[in-house]
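Spelled out from the first residue to the last, the chains are:
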Amino acid sequence: MVQALQRDTPPAQSRLARRAPYITIRVTGVLLAVLALGHFALTHVVNDVAATSSSFIARRWGSATWVVWDGLLLAAALLHAGAGLLAVVRDYRTRPRNRRHWLAGLGALVFTIFVIGMVVLVYSALGAHR
Amino acid sequence: MNFAQAVFLTAFGVVTVAIVAAVWVIVRSARRMDGGAYPSLSKLWRLGRRPAERGEMNRWAFYAHRVSGLAILAFLCLHVLDVSVYAFSPTVFDQVHRLYATVPMRLFECGLLLALLFHALNGLRVVAIDLWDLGGAAASRLLNGVVGATVVLTIAGSVVILRPVIG
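Chains A and B supply the protein sequences, listed in that same order.
FYI, in the numbering used here the residues of the first sequence are 201 to 330.
FYI, in the numbering used here the residues of the second sequence are 88 to 254.
Check the hints yourself; a few may be wrong.
Said to hold, decoys possible - If we take Cβ atoms under 10 Å as the criterion, some of the chain B residues that face chain A in the derived model are:
| id | residue |
| --- | --- |
| 1 | Met120 |
| 2 | Arg153 |
| 3 | Leu160 |
| 4 | Ser171 |
| 5 | Val172 |
| 6 | Asp217 |
| 7 | Pro251 |
Hints were generated in silico from the structure; no laboratory data involved.
The beta-carbon is built from N, C-alpha and C at its ideal position, and this holds for glycine as well.
Throw the hints in and build the complete structure from the sequences for me.
Put into C-alpha cells, the structure is as follows:
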C-alpha cells in the first residue's frame with residue numbers, strides 16, 4: 201500500500217509545470233465554448249450539413265476571418281485535448297513506464313492531427329485565393 | 088459505396104471502438120475508486136433533495152465531462168482527416184461528405200451536439216466554481232442549469248438537424 205502510494209506520487213515539479221495544464225484547459229476551454237459551438241452552429245444549424253460541401257469550404261476559406269477562426273479552433277481544441285489527456289492518463293496509468301508510453305503515444309497523435317490540420321488549412325486557404 | 092466512403096466508415100468504426108474503450112476504462116475505474124450502488128430507478132427520487140445534499144451529482148458530472156471530452160476528441164481526429172481529403176481532391180471530399188447527410192450520421196451529429204453542449208456548459212460551470220470559489224449548493228444549482236440548458240438546446244438543435252430527413 202505504501203509502495204503503491206509512493207508510486208502514485210508524481211515527481212517534484214516546478215509551480216509553473218503544475219499549473220500550466222490547469223491554466224491551459226481553462227483558457228482554451230472558454231475560447232472553445234465560443235469557437236466550437238459557433239462552428240457546429242454554422243455547419244449544422246445555420247446551414248444544413250448537406251450544404252457544407254467542397255464549394256462551401258472554398259467560399260468559407262476564401263475569407264480570412266474563417267481561416268483564423270478555424271486555425272484558432274484547431275489549435276485551442278488540441279491544446280485543450282492535450283492538457284486533458286495528461287490528466288486522464290495520470291488517473292488511469294499509474295506505472296511510470298506505462299504512463300510515459302501512453303503520454304508519448306497520445307501526444308504524438310494530437311501533434312500529428314495538429315500538423316495535418318494546419319497544413320491542410322493553410323494550403324487550402326492559399327489555393328482559394330488563386 | 089466507393090473506396091473513399093468505405094475508408095471513412097472504417098475510420099468511423101475505429102472512432103466508435105475508441106469511445107467504447109474509453110467509457111469502459113472510466114466506468115471500471117469509477118467502480119473501483121468510488122464504489123456505490125449501480126444506477127437504478129429509485130435513484131430518481133433522491134434527485135429531490137436540497138442542492139447542498141446532492142454533492143454526488145458533481146461526481147456524475149465529472150464522469151460525463153470526461154466521457155464527452157474523449158468522445159469529442161476521437162471525432163475531432165476523424166473530422167480533421169476527412170476535411171484533409173478536400174486539399175487532395177474536392178470531388179472525393181464531396182463523396183465522403185455526402186455520408187454526413189445520411190440518417191445514421193445525422194443521428195450521430197445529434198449525439199455530438201449533446202456531448203459538445205454538456206462539455207462546454209459544464210466546463211464553464213467548473214471555471215465559475217474556481218473563479219468565484221462557489222460552494223457545494225451553488226455548484227449543484229449551476230449543474231441543474233447546465234443539464235436543463237443542455238437538454239433544451241440538444242432537442243432544439245436535433246429538430247433542426249433531423250428536419251430535412253423527417254420531411
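Do the hints match the structure? See the list:
About 9 Å separates the beta-carbon of methionine 120/B from the nearest beta-carbon of chain A, less than 10 Å, and the hint is met. Look at arginine 153/B: its Cβ gets to within about 7 Å of chain A, closer than 10 Å, so that hint holds up. The interface hint given for leucine 160/B holds, since its Cβ lies 5 Å from the closest Cβ of chain A, which is under the 10 Å cut-off. Interface restraint check: serine 171/B against chain A, minimum CB-CB distance 4 Å, threshold 10 Å, status holds.
Satisfaction of the interface hint for valine 172/B is found here, the shortest Cβ-Cβ separation to chain A being roughly 9 Å, below the 10 Å cut-off. Of the supplied interface hints, the one on aspartate 217/B holds, with its beta-carbon coming within about 7 Å of a beta-carbon of chain A, less than 10 Å. Of the supplied interface hints, the one on proline 251/B holds, with its beta-carbon coming within about 6 Å of a beta-carbon of chain A, less than 10 Å.
Violated hints for the displayed structure: none, as all numbered hints are satisfied.
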